[in-house]
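Undergrad: Sequence:
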Amino acid sequence: MSTTTGPEGPDALLGPADIRELAAVLGVRPTKQKGQNFVIDANTVRRIVRTAEVRPDDVVVEVGPGLGSLTLALLEAADRVTAVEIDDILAGALPSTIAARLPAKKDHFALVHSDAMDVQELPGPAPTALVANLPYNVAVPVLLHMLDRFPTIERTLVMVQAEVADRLAAKPGNKVYGVPSVKANWYAEVKRAGSIGRNVFWPAPNVDSGLVSLVRRTEPVATTASKAEVFAVVDAAFAQRRKTLRAALAGWAGSPVAAEEALVKAGISPQARGESLTVEEFARIAEAKA
1 MSTTTGPEGP
11 DALLGPADIR
21 ELAAVLGVRP
31 TKQKGQNFVI
41 DANTVRRIVR
51 TAEVRPDDVV
61 VEVGPGLGSL
71 TLALLEAADR
81 VTAVEIDDIL
91 AGALPSTIAA
101 RLPAKKDHFA
111 LVHSDAMDVQ
121 ELPGPAPTAL
131 VANLPYNVAV
141 PVLLHMLDRF
151 PTIERTLVMV
161 QAEVADRLAA
171 KPGNKVYGVP
181 SVKANWYAEV
191 KRAGSIGRNV
201 FWPAPNVDSG
211 LVSLVRRTEP
221 VATTASKAEV
231 FAVVDAAFAQ
241 RRKTLRAALA
251 GWAGSPVAAE
261 EALVKAGISP
271 QARGESLTVE
281 EFARIAEAKA
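Letter by letter, the sequence shown follows residues 1 to 290 of the working numbering.
FYI, nobody ran anything at the bench for these hints, they're computed from the structure.
Just so you know, these numbers come straight off a predicted model, no measurement behind them.
Glycine included, every Cβ here is placed at the ideal spot set by N, Cα and C.
Be a bit skeptical, because a hint or two may be false.
Label pairs and their computed distance ranges (CB to CB) [said to hold, decoys possible]:
(1) G173 / D107: 46 to 56 Å
(2) G197 / V264: 30 to 40 Å
(3) G267 / G27: 57 to 67 Å
List of simulated lysine-lysine pairs, PhoX-like, C-alpha gap at most 25 Å [said to hold, decoys possible]:
(4) K265 / K227
(5) K171 / K227
(6) K227 / K191
(7) K227 / K243
(8) K289 / K227
(9) K171 / K191
(10) K243 / K175
(11) K289 / K265
(12) K191 / K175
(13) K243 / K265
(14) K243 / K171
(15) K243 / K289
Work out the full structure: start from the sequences and follow the hints.
TA: Printed below as a string of structure tokens:
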């Protein structure tokens, strides 16, 4: 790893040469199978931390820290960072990187060596924020799992494939509005928070990336239906998204007639399509069948 004038401050962050040298020492070659694209630009990680509005009292959870580019920037800004890493080699190396680059913060860092989808609890204080460069191939399920499992997460900023960012932030009526859009809105107010070019990654991906901001709803969706019941309606509606809700929800309701009855009871046209409904309207349909 390259030497710097001091272990902390701006020089604590990893640059392109640091990333490649560290990867070489560890024998790490980013793979498409794991969705690995390491951020090599310090200005980009600073921008992510700034856009995430990380505060000095925040307890941040990061999924997929990789070689630690974003982790170091988060540690500089937050009180604590807990990183969840599935890769054996990366998980083994990260604590040493933190200790070498930010020794004053090493006791404010925790590592969970696990698949994020299996994480049910985190060490230390409850997380207040989620900030991550999510692997493209698992971004949506990981995001939804973390929001569901850790309700203390108030603010989230994730970097994902641009197409996924568009879907998460889409509003009803948009052609890319779908299951991720509705389910993310169950938990939070969602919006696009910027774009990221390909040249800040190693290896450079063949797609653009986007930032998505999610701020936890202060009031949950008002419904007597459970999240599972509402999500079942959402899944059914978009499984056949070109069909009217009367037809798309026939299997869920038991028949087209039963689907129509539930829709009318919920105050929604049986001829509408799922892409036009808000999460609150999906909740009303779930309630109507209950």
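Undergrad: Decide, hint by hint, whether the structure agrees.
TA: Here's how the hints hold up against the structure:
no., hint, result
1, G173 / D107: 46 to 56 Å, "holds, 49 Å"
2, G197 / V264: 30 to 40 Å, "violated, 49 Å"
3, G267 / G27: 57 to 67 Å, "holds, 60 Å"
4, K265 / K227, "holds, 20 Å"
5, K171 / K227, "holds, 20 Å"
6, K227 / K191, "holds, 22 Å"
7, K227 / K243, "holds, 24 Å"
8, K289 / K227, "holds, 14 Å"
9, K171 / K191, "holds, 9 Å"
10, K243 / K175, "holds, 14 Å"
11, K289 / K265, "holds, 9 Å"
12, K191 / K175, "holds, 16 Å"
13, K243 / K265, "holds, 20 Å"
14, K243 / K171, "holds, 19 Å"
15, K243 / K289, "holds, 20 Å"
In the structure shown, a violation is registered for the earlier hint numbered 2 alone.
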